[in-house]
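**Q** Please build the complete structure, drawing on both the sequences and the hints.
Sequence order for the protein chains is U and S.
First residue of the first sequence: 1, per our numbering; consecutive thereafter.
First residue of the second sequence: 143, per our numbering; consecutive thereafter.
Treat the hints with caution; some may be incorrect.
[Stated by the list, open to error] DSBU-like mimics (lysine-lysine), calculated; alpha carbons at most 30 Å apart, straight line:
1. S/Lys431 x S/Lys444
2. S/Lys316 x S/Lys369
3. S/Lys228 x S/Lys316
4. S/Lys315 x S/Lys299
5. S/Lys159 x S/Lys388
6. S/Lys518 x U/Lys94
7. U/Lys94 x U/Lys115
8. S/Lys385 x S/Lys159
9. U/Lys94 x S/Lys325
10. U/Lys94 x S/Lys228
11. U/Lys94 x S/Lys431
12. S/Lys444 x S/Lys153
13. S/Lys153 x S/Lys246
14. S/Lys153 x S/Lys299
15. S/Lys206 x S/Lys316
16. S/Lys228 x S/Lys159
17. U/Lys115 x S/Lys518
18. U/Lys94 x S/Lys388
19. S/Lys513 x S/Lys325
20. S/Lys228 x S/Lys388
21. S/Lys153 x S/Lys316
22. S/Lys176 x U/Lys94
23. S/Lys368 x S/Lys176
24. U/Lys8 x S/Lys444
Calculated directly from the structure, the hints in this document are not laboratory data.
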Amino acid sequence: MNEGWQPKILAFCCNWCSYAGADLAGVERRQMPPTTRIIRVMCSGTVDPAWVLEAFLEGVDGVLITGCHPGECHYLNANYYTFRRYRFLDAFVKELGLEPARLRLEWISATEGVKFAEVVRDMTDKIRALGPSPLRPEEGVR
Amino acid sequence: MTGQSYLAWAKDPEIRKRGGSGGFVTAALIAGLKEGIIDEVLLVRRIDQFESVPYLTHDPEEVKSASSPQLAAPLNLSSYIPRGVKVAVTTKPCDARAIIERAKRGRFELEDVYMVGLNCGGTMPPVSTVESVRNLFGVDPDTVTGIEIEGGELIFKRDRGEDLTISIDEAEKKGYGRRESCKYCNTNIPEMADLACGNWGVPSDQRATFVEILSAKGEELFEAAKKTSMIEFEDATQEELEKRLKIDRRMRELANRRWDEVAGVLDERDRLAYYINEFSRCIHCESCKIVCPVCVCEADAKCLDMGQGNNHYRISLYNMIRLFHLMDSCIGCGQCEDVCPVDIPLTMIHQRFERRMEEMIGYRPGFDLQKPPLQKPEEGMK
Numbered sequence: 001m002n003e004g005w006q007p008k009i010l011a012f013c014c015n016w017c018s019y020a021g022a023d024l025a026g027v028e029r030r031q032m033p034p035t036t037r038i039i040r041v042m043c044s045g046t047v048d049p050a051w052v053l054e055a056f057l058e059g060v061d062g063v064l065i066t067g068c069h070p071g072e073c074h075y076l077n078a079n080y081y082t083f084r085r086y087r088f089l090d091a092f093v094k095e096l097g098l099e100p101a102r103l104r105l106e107w108i109s110a111t112e113g114v115k116f117a118e119v120v121r122d123m124t125d126k127i128r129a130l131g132p133s134p135l136r137p138e139e140g141v142r
Numbered sequence: 143m144t145g146q147s148y149l150a151w152a153k154d155p156e157i158r159k160r161g162g163s164g165g166f167v168t169a170a171l172i173a174g175l176k177e178g179i180i181d182e183v184l185l186v187r188r189i190d191q192f193e194s195v196p197y198l199t200h201d202p203e204e205v206k207s208a209s210s211p212q213l214a215a216p217l218n219l220s221s222y223i224p225r226g227v228k229v230a231v232t233t234k235p236c237d238a239r240a241i242i243e244r245a246k247r248g249r250f251e252l253e254d255v256y257m258v259g260l261n262c263g264g265t266m267p268p269v270s271t272v273e274s275v276r277n278l279f280g281v282d283p284d285t286v287t288g289i290e291i292e293g294g295e296l297i298f299k300r301d302r303g304e305d306l307t308i309s310i311d312e313a314e315k316k317g318y319g320r321r322e323s324c325k326y327c328n329t330n331i332p333e334m335a336d337l338a339c340g341n342w343g344v345p346s347d348q349r350a351t352f353v354e355i356l357s358a359k360g361e362e363l364f365e366a367a368k369k370t371s372m373i374e375f376e377d378a379t380q381e382e383l384e385k386r387l388k389i390d391r392r393m394r395e396l397a398n399r400r401w402d403e404v405a406g407v408l409d410e411r412d413r414l415a416y417y418i419n420e421f422s423r424c425i426h427c428e429s430c431k432i433v434c435p436v437c438v439c440e441a442d443a444k445c446l447d448m449g450q451g452n453n454h455y456r457i458s459l460y461n462m463i464r465l466f467h468l469m470d471s472c473i474g475c476g477q478c479e480d481v482c483p484v485d486i487p488l489t490m491i492h493q494r495f496e497r498r499m500e501e502m503i504g505y506r507p508g509f510d511l512q513k514p515p516l517q518k519p520e521e522g523m524k
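**A** Below, the structure is given as structure tokens:
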């Protein structure tokens, strides 16, 4: 692995909380590595597990799913479905033999810019230690 | 009464003789048709001693003539159930589990389906069984008239000449015997069906079927058989009950041991490399999806939709989505492995994912009408 290698992390951020949280992290000038690519979704509950699988197959090194804290979902209880899917994905990733640190679920509210930056820093460090994803296609990421 | 067990047999001596064990199943199906409880019967009909095909009929005479050894029925009947009619089906545990999973997904009303369960110790693939007669005994397979498994022995019956006998262990060591998925299947008594029938627990000098009534629908069929005096029966004794459960327990132990041999070895290995290597052979013929009894998405399936044209992936998205999708529904029936043209051990792989889910959620697909756990919200979340 070369020194300059930076992991690529795909983040699914809920429109109502963590996307605003990510925005706040920027406004407050919190320092974090430029490793995430954010996809804004209307709710973490819309994140289809198949998207996560496709992301890994496309060659991302980690997938971060963020949503509203339990009980604070804009759509009442959709993040409870998110959590069930995350548990399935987590078991799937472990069975497949991929390192479990490559998949992460975090609850981040619109006011938690600090937490967003912290999560990105921590996840980047962990994945940097693991190296590129073994599922990355041979010709690299498109 | 539900929960009650009987030893039962057909009154008609011909049915009793032809049936796998006492002919109760045939008699109950005919009684159900005669009493108008059911409109159709779905069963497996024998083509020859090695192979059977699914068969749907409403004619009692055909039911009578169709009886076949289930050993020769390595197919899943759940996909052949007609919609909107009352139908009785002979079910191995995997058939019954598939029927429940399909009913959950709206393919038919479970109320319309009468599951006449058959105890199952495994089924045999026709082609390799034909070969085994030739290769193990040097005998022409056409001389075989029937196959039985009894007391750990695989017996090929013949009209002329001696019966051919080999222990199952030995046959399976040589690559014959039951289907791979049957060897590690640990559901032998179809407790999720309406009736559970079989010869386990029946004293060896008696030609009868051990029948356990598992639901109101099962009772209805049993009562019909009683009313039309198609059957004679007696209560099962404590000794017979225990003998049956003992056989079940032993079969389960053997299955679990087999599972450790074939799948447990992957615990320590680099699984990702293993899976990438196995799935690299996949030619995307989609056969596994077509035969899968719990897959009901048909042409709009996500695995087909998203899984195309991504040839640079390490494992195709088609396979990944199927692995994920079946985590909470795979019943280990082995159909996918049977049809795979490139011999990927699909059932074992799907079962590894499914059994991990079982440990995590504590849910087993095909046992009750609970909603699949992936479709439910997480409970008790902080």
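**Q** Next, verify each hint and record whether it holds.
**A** Structure-based check of all given hints:
Taking the CA atoms of S/Lys431 and S/Lys444, the gap is about 11 Å. The hint holds against a cut of 30 Å. Taken as a hint, the S/Lys316 and S/Lys369 pair is broken in the structure, with Cα atoms around 49 Å apart against an allowance of 30 Å. Under the criterion of a C-alpha separation no larger than 30 Å, the hint pairing S/Lys228 with S/Lys316 is inconsistent with the structure, at around 44 Å. The hinted pair formed by S/Lys315 and S/Lys299 meets the criterion: a straight-line CA distance of about 22 Å does not exceed 30 Å.
Between the alpha carbons of S/Lys159 and S/Lys388 the distance comes to roughly 26 Å, so the proposed pair stays at or under 30 Å and holds. With a CA separation close to 21 Å, the supplied pair S/Lys518 and U/Lys94 stays within the 30 Å bound. Between U/Lys94 and U/Lys115 the CA atoms are separated by roughly 26 Å; this keeps the pair inside 30 Å, and the hint holds. Only pairs whose Cα atoms come within 30 Å are accepted, and S/Lys385 paired with S/Lys159 is accepted, the gap being roughly 23 Å.
Using a Cα cut-off of 30 Å, the hinted pair U/Lys94 and S/Lys325 holds, with the two alpha carbons roughly 26 Å apart. At roughly 44 Å between alpha-carbon atoms, U/Lys94 and S/Lys228 are farther apart than 30 Å, so this suggested pair is violated. Pair hint U/Lys94 plus S/Lys431 holds up; C-alpha atoms about 24 Å apart against a cutoff of 30 Å. For the suggested pair S/Lys444 and S/Lys153, the alpha carbons sit about 52 Å apart, so the restraint of at most 30 Å is broken.
In summary, the hint linking S/Lys153 to S/Lys246 is not supported, as the alpha carbons are separated by about 37 Å, beyond the 30 Å threshold. With a C-alpha separation of about 25 Å, the suggested pairing of S/Lys153 with S/Lys299 holds against the 30 Å cut-off. Proposed proximity of S/Lys206 and S/Lys316 is contradicted: the alpha carbons are some 36 Å apart, above 30 Å. Straight-line distance between C-alpha atoms of S/Lys228 and S/Lys159 comes to about 28 Å, which keeps the hinted pair within the 30 Å bound.
About 29 Å separates the Cα atoms of U/Lys115 and S/Lys518, which keeps this hinted pair within 30 Å; it holds. Using a Cα cut-off of 30 Å, the hinted pair U/Lys94 and S/Lys388 is violated, with the two alpha carbons roughly 36 Å apart. At roughly 29 Å between alpha-carbon atoms, S/Lys513 and S/Lys325 fall within 30 Å of each other, so this suggested pair holds. Note on S/Lys228 and S/Lys388: the hinted pairing is violated, with a Cα-Cα distance of about 35 Å set against a maximum of 30 Å.
At most 30 Å may separate the alpha-carbon atoms for a hinted pair to count; S/Lys153 and S/Lys316 exceed this at roughly 42 Å. Restraint check for S/Lys176 and U/Lys94: not satisfied, since their Cα atoms lie roughly 54 Å apart, outside the 30 Å limit. The hinted pair formed by S/Lys368 and S/Lys176 meets the criterion: a straight-line CA distance of about 12 Å does not exceed 30 Å. Restraint check: the Cα-Cα separation between U/Lys8 and S/Lys444 comes to about 26 Å, which is no more than 30 Å; the hinted pair holds.
Checked against the numbered hints above, the structure breaks hints 2, 3, 10, 12, 13, 15, 18, 20, 21 and 22 and satisfies the rest.
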